[in-house]
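**Student:** Heads up: the sequence lines are chains A and B, in that order. Mapped onto our numbering, the consecutive letters of the first sequence carry residue numbers 1 to 161. Mapped onto our numbering, the consecutive letters of the second sequence carry residue numbers 1001 to 1455.
There could be a bad hint or two in this list.
[To be verified] Part of the chain B face toward chain A, derived, beta carbon under 10 Å:
# : residue
1 : E1039
2 : T1042
3 : E1046
4 : R1122
5 : G1184
Bear in mind the hints are in silico, worked out from the structure with no lab data behind them. Since the structure is predicted, the reported quantities are computational estimates derived from the model, not experimental observations. No residue lacks a Cβ here, since even glycine has one placed at the ideal position from N, Cα and C.
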Amino acid sequence: MSLLSAQSVARIDELRRTEPTAQCALLTALRLMQRERRQIGVAEVEEIAGLLGLSAASVDGVARFYDQFSREPTGRRIVSVCRGIACYLRGAEERAGQIGRALGVRPGETTADGRLTLHLVECIGDCDHAPAVMLDDAFLGVVTPEGLRALLEQAPTDGGG
Amino acid sequence: MERILTAQAGHDDQRTLAAARSRGAYEGLRRALDLTPQEVITAVTESGLRGRGGAGFPTGRKWAFIRPQPGQAVYLLCNADESEPGTFKDHYLLERDPHLVLEGVCIAAYAIGAHTAYIYLRGEYASLGRILESALAEARAAGLIGATLLDSSVALQIRMQLGAGAYICGEETGLIQSLEGRRGYPRVRPPFPAVHGFVNQPTVVNNVETLANLPWIMTHGTDAFARIGTEKSTGTKLISVCGAVNRPGVYEVEMGYPLSEFLDHEAGGILEGRALKAVIPGGTSVPVLTAQETEGVTIDFESMQHAGTMLGSGGMIVFDETASMPHALATMADFYAHESCGECTPCREGTGWMAWIIARLLAGQGRPDDLERLLRIGNNIEGRTICGLGDAAVQPVRSIITKFRPEFEALLPAVIDSRPDWQRHEHGPRTARHGDPAREATLSEPVTGPPTARL
């Protein structure tokens, strides 16, 4: 039984055939897995290793390098508050605290019901909307905790691959 | 002023192919295809275009290094991994005018003989990746890109790759490693990417903004481009300005434009009428300028260098009189400690120690020689690493401590705790990218907390 959807397996298979090397497909495979499974744990690493003909150790070594791959399951939604220098200058710490209190979760943590994870992240390149916040892949710019809560009620948009 | 990059970006429908073409998109590519690849390289060399990603290397010269052996494939990689703190200019272009970027990719690929080009976007730009994907799909469907470029006999496949959250992948060899499905550990040069690049083939890595200049150069000519700007910095520059200004945003200015005028006019002046304290002109990896030092400086490579800093990425960060430079420096030092890839010891260890020592200064636990220690650690990193991240990490530390030293001295405690290290602290410094699950939890603590709380 595959952990990944048939669609993602097909996409990885296509990349494996069309990229210069099988390993060139690894980052995309990890992204798809992270999106669907919300984590890159042991089982996820082994499945990708099998799909691409790589060792589990090398897949794990790559996965651990990138911040967007998580060993433990993340929440279904991800709120990222930017702590970069531009956002720092416009009150990022205060905003992160407000959002954390409003959502009942500390940065780096996931709610007990698995609904969302709150991250403090390095500069996200949205510095003209500081303090900047992202919800999944969407740039929200300046958002109040109330505004964020309203957005969390809505269905997520396509998470991208 | 002639706008080279942003002339069409203001139109709401510019993302669609029909609207973009009605405003001249892909005309530059048509002109390029009328020339030989060598003629395109010569034209870009003569235009004086220099890379807009930070280093300012002449684009035509970079291309001219490509000399493939028989049987080798040449690759063009578009660097859209924009991650330099305070930089969001490529974000603007990708979001507003994706066809301009794609056209630039086509022109560069044609010039160097690449039949496959990759656009590597940072993972956080996934939404911009979708904009670019739909623009690319439209261009493919219209027969502009793919088996043939326009109606030429030249084939070009453009592929997209999203990163996954690692600053180092914006470094060109780190980007290549990431594209190959590896950790973004930069490679030792030589051999340079032009010889051994992506999958060991000849490769050029160009920044988004660099490529976006190419259509205009092709349609308006080399001389017209070279007439804009200064002698050694031709053309325009996108400046993304943020921090303590009234109108943060992306502005296209002619090279040579006065910095003070930019701050007053484009950026709308300092927030709430406060006084300017400092400016970092090109992302946190370049030295800071004090308010006084900004006088007479113009926005171009030479003037910035003369002032002891760099134009860098054009990510301009503005500090007003209320900013605490030690706290701001702590934010920057934390960034480099987090983003050091861990490959080279001086950077991996040094960035962690710098961040940690700044944190203990802020916590009132500094020691009399900590400022010298920070500068010494910087000297021991600089020039001793494979890539430029280590050097970059040193620039804010050295320049801010040197230029705002009294603010740091004021943090030193009146009574010195003379106990040895092992009695004072339970933990060592925060270290680089080792997948430490406790890391994020520590970042949640206010930067003013005691060092032990942040570790």
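**Student:** Now tell me if each hint is right for this structure.
**Tutor:** Verification of the hints:
{"no.": "1", "hint": "E1039", "verdict": "violated, 29 Å"}
{"no.": "2", "hint": "T1042", "verdict": "violated, 30 Å"}
{"no.": "3", "hint": "E1046", "verdict": "violated, 33 Å"}
{"no.": "4", "hint": "R1122", "verdict": "holds, 7 Å"}
{"no.": "5", "hint": "G1184", "verdict": "holds, 7 Å"}
The structure fails hints 1, 2 and 3 (numbered hints given earlier, in ascending order).
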